[in-house]
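Start from the sequences and build out the full structure, keeping to the hints where you can.
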Amino acid sequence: MAETFGTLGCVVRHEWRLQRRDLVRAFMLTVMPVVLVLVLTPTYRQILQLTGLYGGNGSEQAVPGFAIMFAMFMGGEFGLPFFRDFGWRTWQRTRTLPIPVPILVAGKLLVPLLLVLTQLAAIFAVGVAVFGMHVAGSVVALAAVLAVFGANVVAVSLLVTALCPTVAQFNAVNNILTLVFAGLGGALVPVALLPTWLQPLAPAAPSYWAVLGCQKVIVEGSGLSQVWPSVAVLGGVALAAGTAGALLLRPDRGKESWG
Amino acid sequence: MLQIADLEVHYGTHPALLGVSLVVGRGQVVGLLGRNGAGKSTLVNAVAGLVKPSRGSILVGGLDVRGNARATSAMMGVSPQELAIYPPLTVTENLVGWAALAGVGGRQRRLAVREVLEAMGLDRLADRPAHLLSGGEQRRLHCAMAMVGRPPLLMLDEPTVGVDPPSRRALLDYVGTLASAGTAVLYSTHYLTEIEQLGAYTVILHRGRVAACGDIDSLVRDFSGTTVEIAFSDGSPPSVRIPVADPDGELPGIIAGLHGQGRALAGITVHRSSLEDVFFRVTAEKELVRG
Numbered sequence: 027m028a029e030t031f032g033t034l035g036c037v038v039r040h041e042w043r044l045q046r047r048d049l050v051r052a053f054m055l056t057v058m059p060v061v062l063v064l065v066l067t068p069t070y071r072q073i074l075q076l077t078g079l080y081g082g083n084g085s086e087q088a089v090p091g092f093a094i095m096f097a098m099f100m101g102g103e104f105g106l107p108f109f110r111d112f113g114w115r116t117w118q119r120t121r122t123l124p125i126p127v128p129i130l131v132a133g134k135l136l137v138p139l140l141l142v143l144t145q146l147a148a149i150f151a152v153g154v155a156v157f158g159m160h161v162a163g164s165v166v167a168l169a170a171v172l173a174v175f176g177a178n179v180v181a182v183s184l185l186v187t188a189l190c191p192t193v194a195q196f197n198a199v200n201n202i203l204t205l206v207f208a209g210l211g212g213a214l215v216p217v218a219l220l221p222t223w224l225q226p227l228a229p230a231a232p233s234y235w236a237v238l239g240c241q242k243v244i245v246e247g248s249g250l251s252q253v254w255p256s257v258a259v260l261g262g263v264a265l266a267a268g269t270a271g272a273l274l275l276r277p278d279r280g281k282e283s284w285g
Numbered sequence: 020m021l022q023i024a025d026l027e028v029h030y031g032t033h034p035a036l037l038g039v040s041l042v043v044g045r046g047q048v049v050g051l052l053g054r055n056g057a058g059k060s061t062l063v064n065a066v067a068g069l070v071k072p073s074r075g076s077i078l079v080g081g082l083d084v085r086g087n088a089r090a091t092s093a094m095m096g097v098s099p100q101e102l103a104i105y106p107p108l109t110v111t112e113n114l115v116g117w118a119a120l121a122g123v124g125g126r127q128r129r130l131a132v133r134e135v136l137e138a139m140g141l142d143r144l145a146d147r148p149a150h151l152l153s154g155g156e157q158r159r160l161h162c163a164m165a166m167v168g169r170p171p172l173l174m175l176d177e178p179t180v181g182v183d184p185p186s187r188r189a190l191l192d193y194v195g196t197l198a199s200a201g202t203a204v205l206y207s208t209h210y211l212t213e214i215e216q217l218g219a220y221t222v223i224l225h226r227g228r229v230a231a232c233g234d235i236d237s238l239v240r241d242f243s244g245t246t247v248e249i250a251f252s253d254g255s256p257p258s259v260r261i262p263v264a265d266p267d268g269e270l271p272g273i274i275a276g277l278h279g280q281g282r283a284l285a286g287i288t289v290h291r292s293s294l295e296d297v298f299f300r301v302t303a304e305k306e307l308v309r310g
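Chains C and X, in that order, give the protein sequences.
When we follow the numbering used here, the leftmost residue of the first sequence carries the number 27, and every step to the right adds one.
When we follow the numbering used here, the leftmost residue of the second sequence carries the number 20, and every step to the right adds one.
Some hints here could point you the wrong way.
Claimed, not checked - Selected chain X positions facing chain C (in silico; Cβ < 8 angstroms):
(1) 89
(2) 102
(3) 108
(4) 119
(5) 120
Claimed, not checked - Listed next, the stretches of chain C that the computed footprint assigns to chain X, with coverage defined by at least 3 CB atoms under 8 angstroms from CB atoms of chain X:
(6) 43-51
(7) 105-116
(8) 119-133
Said to hold, decoys possible - Distance ranges between label pairs, derived from CB positions:
(9) 266(C) - 153(X): 24 to 34 angstroms
(10) 269(C) - 130(X): 23 to 33 angstroms
(11) 83(X) - 128(C): 13 to 23 angstroms
(12) 82(X) - 270(C): 25 to 35 angstroms
(13) 248(X) - 124(C): 31 to 41 angstroms
(14) 64(C) - 147(X): 37 to 47 angstroms
(15) 65(C) - 127(X): 49 to 59 angstroms
(16) 146(X) - 280(C): 29 to 39 angstroms
(17) 247(C) - 90(X): 50 to 60 angstroms
(18) 126(C) - 22(X): 51 to 61 angstroms
(19) 128(C) - 82(X): 33 to 43 angstroms
(20) 65(C) - 86(X): 57 to 67 angstroms
(21) 35(C) - 180(X): 57 to 67 angstroms
(22) 133(X) - 126(C): 24 to 34 angstroms
No wet-lab data here; the hints were simulated from the structure.
All C-beta atoms, glycine included, are put in the ideal place defined by N, C-alpha and C.
Here it is, written out as structure tokens:
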């Protein structure tokens, strides 16, 4: 067990050494939602006041909504390095090392997971400090929802990576899934404002459970005992997507990268 | 260190290796020769666990690679045919990172990296990002990654493609040094002179089979041999070419015999065959057999 963790640590350090060379994308995906919160919070305030959904200054919708949407964009942080390794032919070469493939993949997953969690934490911190978002409920419950959602994003990204043979397909699918899940799940506008025929489909999007969990804590003042359905659904989807991704990821099958 | 027995690999219905057997002992260099598509890279990849054999066995350090992949991988350093380095990382970072992944730990890792940097002439490039290296320098780094930590079994697949002569000499010298220290080396190349410089036991693959194998002298003797060309000054034929096993021992008798027939000799030339002659002869013969 200690040897496995030691090997995993080596893979994570190596992956971080590579990813830290280019954190511009991660930085942009953290700054951009903050800019959108700044621009659109007044609009959300008016919408919430007109519809009477709930009070607040609009940041209660804008901050979790954009944070969740851009966390899904950040999911590409897993897929792109994976395709990058195929382009450099280092994926094939690492398979000659005494490292089991599951540990190689897990090591590659952990770095983007940490990036997604850092991104979410930064956006929520700015939301509270700059945009006056008041968290009425348990911060621990909020952190639990966001942590499980982060794992969900990375697991779905693993599945998309496993299914897409080319990096172009991966980018297209990742972006489309992000926009569809963000819209359907209530990250862009509250689900109650979606067309009535679309509203029953909203729970099919993992982002719905993330937005729901966040707003239960932020707006309704809930704690862990009230957000467990969100945590359970997000955790279940993460487990299912991660397992499917791991099974479908054929390590011996080549993928087409930009290189 | 490496024992391959009756190995067969198929890509779909296409046979890539058929009944290949070979042994690489500790401290031994085995050179793999063969035309493009002969099966050299497939053989290296099969030992490295990248392709699955359909038949036969591969033992590394006495362990079957099937069922002991982690243990056998820990005993080998592999330099694949295609360049595989991390372009954004410096030369040192590539080597340190790779050594860590290969299980070379702590203080030993630093020493191992320093040794391979010096041996491969990369020490003055240690802090340069790999993407700024020339093609030959990148190839040297690519090979150095396989050598770091002195794995007991080293497999180099066409390691000198695009490498300049001094660097090629440095690489061959270091391979020789590693072999002298007990490393088993499987060395695949198209450059026959490298096999000669390494004094390697040679295996010539052709269409997935071992077409010939042996040390260089025995291959030359068995497959090509030496000939004596004798030119005459007294008419037809102007010269004859006679295969001989031992020119020094046989020539006096031949000359005496020709004198006895009244022939006037104009000159004698001894043609000693090279490994290249053997290679062309072996692969050409197999072409004819196939045709």
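We went through each hint and held it up to the structure:
Below 8 angstroms, beta-carbon pairs count as interface contacts, and residue 89(X) has one with chain C at about 5 angstroms; its hint therefore holds. Because the beta carbon of residue 102(X) sits about 7 angstroms from the nearest beta carbon in chain C, less than 8 angstroms, this interface hint is met. A hinted interface residue such as residue 108(X) counts as satisfied when its beta carbon comes closer than 8 angstroms to some beta carbon of chain C; here the least separation is about 7 angstroms, so the hint holds. For residue 119(X), the interface hint holds, the least distance from its beta-carbon to any beta-carbon of chain C being 5 angstroms, beneath 8 angstroms.
The closest approach between the C-beta of residue 120(X) and any C-beta of chain C is roughly 5 angstroms, which is under the 8 angstroms cut-off, so the hint is satisfied. Coverage of the stretch 43-51 of chain C by chain X holds in this model, with 4 residues showing a Cβ closer than 8 angstroms to a Cβ of that chain against a need of three. By the rule of at least three residues with a Cβ nearer than 8 angstroms to a Cβ of chain X, the coverage given for the stretch 105-116 of chain C holds, with 3 such residues. Restraint check on the stretch 119-133 of chain C versus chain X: 8 residues with Cβ-Cβ distances below 8 angstroms, three needed, restraint holds.
Here the CB-CB span from residue 266(C) to residue 153(X) is close to 48 angstroms, at odds with the stated 24 to 34 angstroms. Look at residue 269(C) against residue 130(X): about 42 angstroms separates their beta carbons, and that is not inside 23 to 33 angstroms. The supplied range of 13 to 23 angstroms is met by residue 83(X) and residue 128(C), whose beta-carbon atoms lie about 22 angstroms from each other. The hinted window of 25 to 35 angstroms between residue 82(X) and residue 270(C) holds, with their beta carbons roughly 33 angstroms apart.
Taken as a hint, the range 31 to 41 angstroms is violated for the pair residue 248(X) and residue 124(C), whose Cβ atoms sit roughly 56 angstroms apart. Checking the proposed 37 to 47 angstroms range against residue 64(C) and residue 147(X) shows it holds: the Cβ atoms sit about 42 angstroms from each other. Taken as a hint, the range 49 to 59 angstroms holds for the pair residue 65(C) and residue 127(X), whose Cβ atoms sit roughly 55 angstroms apart. Checking the proposed 29 to 39 angstroms range against residue 146(X) and residue 280(C) shows it holds: the Cβ atoms sit about 33 angstroms from each other.
About 56 angstroms separates the C-beta atoms of residue 247(C) and residue 90(X), a value consistent with the hinted range of 50 to 60 angstroms. Checking the proposed 51 to 61 angstroms range against residue 126(C) and residue 22(X) shows it is violated: the Cβ atoms sit about 24 angstroms from each other. Between residue 128(C) and residue 82(X) the C-beta distance comes to about 21 angstroms, which lies outside the given range of 33 to 43 angstroms. Judged by the Cβ atoms, the range 57 to 67 angstroms given for residue 65(C) and residue 86(X) holds: they are separated by roughly 60 angstroms.
As the Cβ distance of residue 35(C) to residue 180(X) is approximately 35 angstroms, the hint placing it in 57 to 67 angstroms is violated. Between residue 133(X) and residue 126(C) the CB atoms are about 30 angstroms apart, so this pair conforms to the stated range of 24 to 34 angstroms.
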